[in-house]
Amino acid sequence: MQLIPHELYVGEVFFPPMLFDAGLGLVAATITARLSNRFRVSRYLYHPSLVLIALTVIYTGLFSIFLLPG
Amino acid sequence: MPDQSVLSDRVKTAIKTALATVLAYGVALSMDWGHAYWAAFAVAFCTLSTVGESLNKGLLRLSGTLLGSLAAVTLIALFPQDRWLFLIGMSIFTGFCTYMMPGNSRWYFWNVAGLSVPLIALAGGADPLNDFQTVITRSEETALGIVSYSLVWLLIWPTSSREALEDVVRQLAAAHRQLAAHFLTPTIGETHDTDPEALRRQTTQALTRLGGLFDGAEIDSYEVWEARLAWRSLIQQLLQLTSILERWRQSSADVREVDRQRLIPELEKFASELDRRFAEIGCMLEGRPPERGPISASLDLEDKGMASLSPFHRAALLLYRSHLLEIDKLTRDLFETVADIRNFGRAKVHPAREAVPLLPRALDPERLASVGRWFTGLWLAWLIALYVPDIPNTVEFIVLTNSLSMALCVMPQLPIARTLLQMPFGLALGGAIYVLVMPHLTSFTDLGVVIFAAVFLICYLYHRPTQAVGKAAGLALLAMVMGIANEQTYNFLDVINLAVVVPLVFAVLAVATYFPVSFRAERMFLHLLGRFFRACAYLASTLQWDPAIPPTRWQRLRRVLHLGDLARVPSKLAIWGSALPAAALGQSTTEQMQALVESLQALAYRMQELIEIRATPQSQVLARELLSQVRAWRVGLQDIFCNLSQQPEAADFADFRSRLDAMLERLEEQIEKAVAGEDQASTATRENENSIRLLGAFRGVSEELVNFARQSGGIDWARLREARF
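As you go down the protein sequences, you meet chains A and B in turn. If you count the first sequence from 1, position 36 lands on 36 in the numbering used here, and the numbers rise without skipping. To get the numbering used here, take the position in the second sequence, counting from 1, and add 70.
Okay, chain A solo, but in the shape it has when bound:
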């Protein structure tokens, strides 16, 4: 695992990697939710809204470990 934190920058503006991880996490969770709706898997869930938040956190965590570590 990379121990030195690295930053992302666009032009001369620096952004924390966590911001991108969170954005990607939200997008991934939304796509998962759409697919679950599409294939009617979401009907087996007790509280889909909570699951969406949980998925966002899980994806953000995974991306921050494997894709864009902070």
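Note that these hints are calculated values from the structure, not bench results. Remember, it's a predicted structure, so these values are computed and weren't measured experimentally. None of the hints are false.
Label-pair distances were calculated between CB atoms; the ranges are: (1) 491(B) / 46(A): 25 to 33 Å; (2) 513(B) / 67(A): 43 to 51 Å; (3) 154(B) / 44(A): 38 to 46 Å.
Which residues of chain A face chain B? A partial, calculated answer using Cβ under 10 Å: (4) 23; (5) 42; (6) 45; (7) 48; (8) 52; (9) 53.
Residues of chain A placed beyond 12 Å of chain B at every Cβ, according to the derived structure: (10) 7; (11) 17; (12) 58; (13) 61; (14) 62; (15) 63; (16) 64; (17) 65; (18) 66; (19) 67; (20) 68; (21) 69.
Glycine included, every Cβ here is placed at the ideal spot set by N, Cα and C.
Go by the hints and put chain B onto chain A.
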């Protein structure tokens, strides 16, 4: 000035809003007032289609700002050093404002009063001495915005609210005339090719606009202001007439098999008189005096023919006739009121004052849920701002969350993502102008052109009424990002910080939409459906109350609350039903859902009639003879309602139909026997008539339940109930 016919209303409104914004900025900058964008806010939020409506909304904004400012200054003075007490005090005031918003024609006043408190308290910064200056600036800028757009609206393509109001009333009179003619067609043997569904839709839309137009016309027209009592009375009468026409339409179906022309000999004369009254009302609104006043047409029933009818047909005809009598009275009043407004020498009509029980509205669960949604949103924003480090632009974050949460209380059915899509657009457009264009501008002329183009673009793209909240939010963000001031500074971080705040606001609003109360259309629809049937079940149980024993206070209270539910829930179901997403509809269509809601509205009317008729004196003989049958009928209805409140999909059309037919058959025999046992003189008494009408009302409720079961068969309940992201 370009030819008026060349430009559409959409372009004209966009041009006028853009011009008014430029004017407001121009004056604010030339006077060197701070927060020039507040004047632009007033323009963005208050411009409507007519001068009067815009002016009315502007005045509501100004008075709301004053109340909010007063509350903010008082709270700051009371709790200058105590953050939590200040927040609690502010929440109580803003919560009250939010609570007052739904179902109120002056909701905007409460909206502005509520959103002004955190805005003024936070915009003043750490020094409380700034707060008074902020209050003054805010009021000045708001007044400037109102003056700017009023001037533009008056000078460029002016649209009078009075003309718009009169047009809508004329349309309503014409629609009612056609509807009345359509429903009388089978009776008097004429044909009409008008589509009643389209007419009913047109009537509903016109009635929705009427209140706002009247408020505007009262301000921009002296003629309307002078006759305001009569106008209010007219609006009330039009609402009542629409409701009674709907009930009449339903009762017409029950007497389809009856020869109405024979049993009500003067029905044809009444039909032509009704037609003439509506035509004369239209003429009077156009400024022409009526040829003559309303003429009486007797609606007496033919006794021999009535005696030959079955009891239920007799009941249905009595109900039909009572509706005709109400229509006669209302159209007569309408005629007199319009004649009074137009000064055609008719008698003055006093405004109708209908006693509306306040409690059901005050304890409306949806209203309280809206306050819960706002509270969750605001406190989440407060707690994030206080405890999450490095949240940028906390003032904008809290103010935007509070304003949008409050705005959503008026139209809770709007999906957040689609409604507020204009916000990122406004932010991106404003950011691009701020970073790329504004540094190159050298004069206000250049800046004015840029402001005009940006405002025009947003107003032109988002012109639909359903996009109003998003458009206003988009314009507000545009103004906030551009941050126009005399000593203009540029900081890219301002744009980025605001760009971070917008998703945060979205996130908080999204959380508040699902917690603690879910505002998903399908959830709300099912919840309202359950409440409707629970109200029906309770009201059915009240039919057993002995008129000689007055109900307890608790019983009266429950009855009033359930009657309120009965009156309001069908219209709410119509709103939420139209907001259902395709995924929740499944196999069912929007038309099927609409038909289901219409069957519930009809059921509500029938229940109201049943309750009203039950309160009238009844024949003791018939009551004694039919006691067990009527009791079984009532208990059966109660059971069905209780069951439907848990499982609306349990409505079985074939089962309901056969049970109702069997009940009707049994009862008809027994009524005939009971009536035959009485002497002929007593059967003509009012009590007997009431008892027959009561049985007819029972039948009406049961028939509407059967109709609900039929419509329910087409609904994909499994999909509607299914959990979904």
